[in-house]
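Peer 1: Protein chains in written order, with the numbering used here: chain A, 1 to 204; chain B, 1 to 204.
Derived by calculation from the structure, the hints in this document are not laboratory data. Any given hint might turn out to be false.
Selected chain A positions facing chain B (Cβ under 7 Å, derived; list incomplete) [to be verified]: (1) Gly24; (2) Val25; (3) Thr26; (4) Glu153; (5) Gly164; (6) Leu165; (7) Phe188; (8) Ser192.
Here are the computed distance ranges between Cβ atoms for each label pair [unchecked claim]: (9) Phe174(B) with Glu142(A): 35 to 41 Å; (10) Phe67(A) with Glu141(B): 44 to 50 Å; (11) Ser196(A) with Asp35(B): 55 to 61 Å; (12) Ala53(A) with Glu141(B): 53 to 59 Å; (13) Lys60(A) with Glu18(B): 31 to 37 Å; (14) Glu183(A) with Ala40(B): 53 to 59 Å; (15) Asp52(B) with Glu179(A): 32 to 38 Å; (16) Glu183(B) with Glu179(A): 27 to 33 Å; (17) Leu94(A) with Gln65(B): 33 to 39 Å.
Bear in mind that the values here come from a model prediction, so they are computed numbers and not experimental data. Note that CB positions come from ideal geometry on N, CA and C, so glycine has one too.
Listed below are the residues making up each chain.
Number of protein chains: 2
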Amino acid sequence: MGKPHEERKEEIIRKTLELAADKGVTRLTTQAIADRVGIAQSTIFKHFKTRDAILGAAIKWISSQIFSLLEQTSKESSSPRERLHHLINRHLTLVSKHKGLPRLLFSDRLHLESPHLKKAVQQVMSTYMKRVSEIIREGIEEGQFRNDADPEETARCFVALLQGLIVRWSIFDFSFPIEKEGEELWRFLWSSLAPSQEEDRDPL
Amino acid sequence: MGKPHEERKEEIIRKTLELAADKGVTRLTTQAIADRVGIAQSTIFKHFKTRDAILGAAIKWISSQIFSLLEQTSKESSSPRERLHHLINRHLTLVSKHKGLPRLLFSDRLHLESPHLKKAVQQVMSTYMKRVSEIIREGIEEGQFRNDADPEETARCFVALLQGLIVRWSIFDFSFPIEKEGEELWRFLWSSLAPSQEEDRDPL
DNA sequence: ATGAAAGGTGAGTGATTAATCGCTTTCTTT
DNA sequence: AAAGAAAGCGATTAATCACTCACCTTTCAT
Chain A
1 MGKPHEERKE EIIRKTLELA ADKGVTRLTT QAIADRVGIA QSTIFKHFKT
51 RDAILGAAIK WISSQIFSLL EQTSKESSSP RERLHHLINR HLTLVSKHKG
101 LPRLLFSDRL HLESPHLKKA VQQVMSTYMK RVSEIIREGI EEGQFRNDAD
151 PEETARCFVA LLQGLIVRWS IFDFSFPIEK EGEELWRFLW SSLAPSQEED
201 RDPL
Chain B
1 MGKPHEERKE EIIRKTLELA ADKGVTRLTT QAIADRVGIA QSTIFKHFKT
51 RDAILGAAIK WISSQIFSLL EQTSKESSSP RERLHHLINR HLTLVSKHKG
101 LPRLLFSDRL HLESPHLKKA VQQVMSTYMK RVSEIIREGI EEGQFRNDAD
151 PEETARCFVA LLQGLIVRWS IFDFSFPIEK EGEELWRFLW SSLAPSQEED
201 RDPL
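Could you put together the complete structure from these sequences and hints?
Peer 2: What follows is the structure in structure tokens.
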């Protein structure tokens, strides 16, 4: 017999993300997934009820990865500045390890075909921005970031920088090392968040 | 008889962009386009050889709009700071007027099905970043921007901020006024580009 | 031993979709 | 007026795709 249900399910999700990276969501057919897993196309439906259920499971997996990223960062005992820096690195490492992630998240098949999955993605983004804004607020209170920065506003820009970089990376077919550009992104962010010398001298 | 060739062609491109905004690229079938234009599906092919040719023409139209945006900004006699600010506003106004733009540019059908169109998009992005870096370099030389900023690096972050904002706007179904968030984006950018007081005092 | 359940297969089915084709109508040119 | 081109139409075609179904094989609990 074949592999047990749960194991096969995980395998299908894994291969689905691989395929999304290689061929895009449009070519992400049940036949293509089955081929890569090494089973018949019809067998796919022994493990998932519909094709959308596969995409849903993949999105859920991605979400859990990103949430664990956020949690890991929130728990960290280091300074807000370091936590933000680490979050960028962790995020880009995750994405570069799973290139199918941006392809899936930005695909319109996901957004306009199944409102349920869209909601899930929106949820992740909202939570992400909230967490980042908390870190920034903390940094401002500690006097590590300039005190005229708006936490929510800056958090939105933080996420935009990440998303924008990832989109460009995806459009240019993953042809440059994204981790390196993450450092440049951090420098830019820091130049905006760093307090001026006068503030710095301020004893509070 | 119907409308003349060129006129109908433009109409098809226009309606295609509208449809991309409403239904996404996946639902952008020749039937859907024909319905919106008010002609038979087969008539579409009197004006375009293939469906991809329609997408190609739409991309070309978008590119020309963005290029004219860049040119307009470059020609402007105002300061680099004001030009950057205006570029953001003009870009977001263009995008908000044509919501199909991001949907088309980020669709994987475009990227992985026709390498030719992908190249065109990459070209636009590269040119865009180059132009922005030129403005930034100018601003640094004039002492209007902090002199430790790297023009290329900052240009990449500029584009990432814009793209990231547009992606989020698209994911959240255009549900917030993007022009307003453009201002917030500009504030963030400026806080990173503005020279420190000491530099400011520096007579050069 | 046996029979049910799990995992797997190949051969379909119906829906969707880009593209073709033969034909008609309308306008322009000679 | 006749000819030809341009713009349009309906019907059709071939391909693709998600999903179903009847059947097979292995495993394992009774």
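Peer 1: Please go over all the hints and tell whether each is borne out by the structure.
Peer 2: Hints, verified against the model:
| no. | hint | verdict |
| --- | --- | --- |
| 1 | Gly24 | holds (3 Å) |
| 2 | Val25 | holds (5 Å) |
| 3 | Thr26 | holds (5 Å) |
| 4 | Glu153 | holds (5 Å) |
| 5 | Gly164 | holds (3 Å) |
| 6 | Leu165 | holds (5 Å) |
| 7 | Phe188 | holds (4 Å) |
| 8 | Ser192 | holds (4 Å) |
| 9 | Phe174(B) with Glu142(A): 35 to 41 Å | holds (37 Å) |
| 10 | Phe67(A) with Glu141(B): 44 to 50 Å | holds (45 Å) |
| 11 | Ser196(A) with Asp35(B): 55 to 61 Å | holds (58 Å) |
| 12 | Ala53(A) with Glu141(B): 53 to 59 Å | holds (57 Å) |
| 13 | Lys60(A) with Glu18(B): 31 to 37 Å | holds (33 Å) |
| 14 | Glu183(A) with Ala40(B): 53 to 59 Å | holds (55 Å) |
| 15 | Asp52(B) with Glu179(A): 32 to 38 Å | holds (35 Å) |
| 16 | Glu183(B) with Glu179(A): 27 to 33 Å | holds (31 Å) |
| 17 | Leu94(A) with Gln65(B): 33 to 39 Å | holds (35 Å) |
In this structure, none of the earlier numbered hints is contradicted; all agree with it.
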